[in-house]
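Work out the full structure, taking the sequences as your base and the hints as a guide.
From first to last, the protein sequence lines are chains X and S.
Note that our numbering has the first sequence beginning at 19, numbered continuously upward.
Note that our numbering has the second sequence beginning at 103, numbered continuously upward.
A few of these clues could be false.
[To be verified] To be clear about the criterion: a stretch of chain X counts as covered by chain S if any three or more of its residues have a C-beta under 8 Å from a C-beta of chain S, and this derived list gives those stretches:
hint, region
1, 65-75
2, 197-207
3, 238-248
4, 298-311
[What the hints assert, rightly or not] If you want the ones that stay clear, here's a sample from chain S, every Cβ over 12 Å from chain X, calculated:
hint, residue
5, Leu117
6, Leu138
7, Glu153
8, Pro164
9, Met185
10, Glu198
11, Asn210
12, Leu216
13, Arg221
14, Gln257
15, Pro265
16, Tyr283
Honestly, the hints are just simulated from the structure, not real lab data.
Since the model is a prediction, treat every value here as computed from it, not as a measurement.
Glycine included, every Cβ here is placed at the ideal spot set by N, Cα and C.
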Amino acid sequence: MRDSWRLTKNQDALHTRARMIYAIRDFLINRDYLEVETPSIIPSPIPEPHIDAISCGDRFLHTSPELYMKQLLAAGYPKIFQICKCFRAGERGSFHLPEFTMLEWYCRGMDYRLLMKECEDLIFSIVHNLGYGDVIHYQGRTLSFKKPWETLSVREAFSCYAPMHMDEAVNKGLFDEIMVCHIEPHLGSAQPTFIYDYPVSEATLAKAKEKEPGIAERFELYMGGIEIANACSELTDMEEHHVRIEKVQEYRYSMNKARYPVSDCFLQDIADMPMAAGIALGVDRLAMIFSDVSVIDDVVAFIPELG
Amino acid sequence: MYSASDLKKGLRIKLDNEPYIVTEFNFVKPGKGQALYRSKLRNMITGAQFERTFRSADTFEPADLREKKMQYLYKEEKKYCFMDNESYEQVFLTEEQVGEAKNFFIDNLEVEILFFEDRPLGVTVPNFVDLVVVGADPWAKGDSVSGKTKPVTLQTGYQIQVPPFIEEGEKIRVDTRSGEYLTRVKG
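Shown next, in the form of structure tokens:
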């Protein structure tokens with residue numbers, strides 16, 4: 019009974035969500051992206067400092083399709099996308115579900131700057147596909163989708179909104195706290211905001227900038243203070259991959275977190291991977307924006323606490 | 103011991119040797135960053151509210167809060183005295199600490215005193231308390247229209263709205279949670 023009550027309550031949001039997913043497919047297929055499916059039960063997830071997998075027998079549920087999408091890139095598929103459920107242990111809040119829907123797309127030959135443009139184009143086309151003008155209302159704020167959108171480097175964002183500079187925050191281990199408490203609330207408040215050029219320490223699998231090795235070619239998209247997408251120019255240097263992953267493993271060990279073995283196969287594929295950029299976009303969160311709801315529960319038919 | 107992932111609204115924890123209650127809570131995770139637990143806390147002694155962000159590795163002790171049955175004895179200047187009937191131990195609470203509960207303090211009333219470690223913090227009175235009406239205007243016949251009430255003063259000084267047929271000297275039952283009249287008590 020309670021399940022059906024929730025379903026009824028959210029019918030409008032579920033309709034918006036479905037139309038939005040249709041618009042995403044329409045846009046990407048028109049741009050010659052191939053829709054693919056990759057395994058969701060996998061031997062080991064990619065080690066990330068702060069992402070924990072849910073185990074499934076002696077395997078794991080994937081935390082994102084990234085690993086296998088990259089294998090496809092390396093195997094010669096130039097433009098691919100996937101919309102799938104991802105699973106992360108211990109993530110539950112107003113913007114988090116342990117089981118959520120992710121859109122990932124990858125393009126050979128692209129860098130993060132070009133991908134930023136494509137991301138803008140995709141969302142702009144969704145807005146029009148849903149029948150909105152250039153402006154929507156989200157939680158009492160007016161969001162304008164007129165291009166170009168706001169872009170802000172992470173360093174600039176710290177200067178604008180934070181009580182200390184970016185480097186100081188990284189050195190003091192306060193990067194995440196300042197991001198959440200001081201910066202995120204300002205991002206994407208009048209129009210979508212791209213925030214880009216993260217410290218390498220905050221971007222495990224992103225390529226470092228040639229002229230500034232401490233900075234990674236990574237960006238995030240925010241709307242209404244909510245993180246919508248994360249993207250980067252993919253790291254294709256195998257040596258560098260080894261070093262970065264080793265660091266993550268050390269961190270996970272020091273924090274008593276599960277260690278995920280990295281397959282040699284994956285590292286070999288990285289070596290074969292062409293220059294590319296990839297992006298992961300939270301479908302549920304984008305649906306929150308277009309449905310004007312403040313809690314992620316409102317854009318899914320079933321929430322984990324009921325089942 | 104609690105960890106940050108145990109935090110939820112209403113949880114009572116000990117920080118810097120003082121008891122706090124979690125009044126608001128949200129799980130956040132910036133980008134590829136670590137899980138953070140944004141909380142609003144209220145100090146259970148001073149009432150001060152503040153925001154604090156915890157990391158998943160943070161741990162807390164539960165606040166050692168206990169309730170003990172005691173009896174209300176008397177008011178002395180601005181303090182209220184309660185006694186443990188078994189140990190004869192006496193404790194005092196301030197006007198601020200007792201809050202609205204003072205409206206229901208009658209001699210020998212059995213109450214629950216909330217302690218943080220050995221320190222009394224507050225009092226909970228029974229849900230229903232019978233009190234004597236000490237001041238009321240007489241019942242004017244014809245005032246019996248349903249829904250109509252009149253103010254009376256109870257033995258504790260508490261002023262309350264009651265049906266017009268309640269007279270001085272009668273005993274009434276009050277719901278201490280809402281502070282409202284429930285029924286007339288005979289005898």
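Verification of the hints:
Three residues within the 8 Å Cβ limit are the bar, and the region 65-75 of chain X against chain S gives 4, so the coverage statement holds. With 4 residues having a beta carbon nearer than 8 Å to a beta carbon of chain S, the region 197-207 of chain X meets the requirement of three or more and the stated coverage holds. With 3 residues having a Cβ less than 8 Å from any Cβ of chain S, the region 238-248 of chain X passes the three-residue criterion, so the hint holds. For the region 298-311 of chain X, the stated coverage by chain S is not satisfied: 0 residues place a CB nearer than 8 Å to a CB of that chain, which falls below the threshold of 3.
Its beta-carbon lying about 17 Å from the closest one in chain X, leucine 117 of chain S satisfies the requirement of being farther than 12 Å from that chain. The beta carbon of leucine 138 of chain S sits about 6 Å from the closest Cβ of chain X, which is not more than 12 Å, so the claim that it is off the interface is violated. With a closest Cβ-Cβ approach of about 8 Å to chain X, glutamate 153 of chain S is found to fall inside the 12 Å limit, against its non-interface label. For proline 164 of chain S, the non-interface assignment is confirmed: its Cβ lies about 21 Å from the closest Cβ of chain X, beyond the 12 Å cut-off.
Residue-level check passed: methionine 185 of chain S sits 45 Å from the nearest beta carbon of chain X, beyond 12 Å. Against chain X, the non-interface label of glutamate 198 of chain S holds: every CB pair exceeds 12 Å, the least being about 32 Å. Every CB of chain X is more than 12 Å from the CB of asparagine 210 of chain S (nearest about 46 Å), matching its label as outside the interface. With a cut of 12 Å on Cβ distances, leucine 216 of chain S stays outside the contact zone with chain X, its closest approach being about 31 Å.
With a closest Cβ-Cβ approach of about 32 Å to chain X, arginine 221 of chain S is found to remain outside the 12 Å limit, as its non-interface label requires. At the 12 Å boundary, the C-beta of glutamine 257 of chain S stays outside the reach of chain X, the nearest C-beta of that chain being 47 Å off. For proline 265 of chain S, the shortest C-beta to C-beta distance to chain X comes to about 40 Å, beyond the 12 Å cut-off, and the non-interface label holds. No beta-carbon of chain X comes within 12 Å of the beta-carbon of tyrosine 283 of chain S; the shortest separation is about 37 Å.
Taken one by one, the earlier hints fail for this structure at numbers 4, 6, 7, listed in ascending order.
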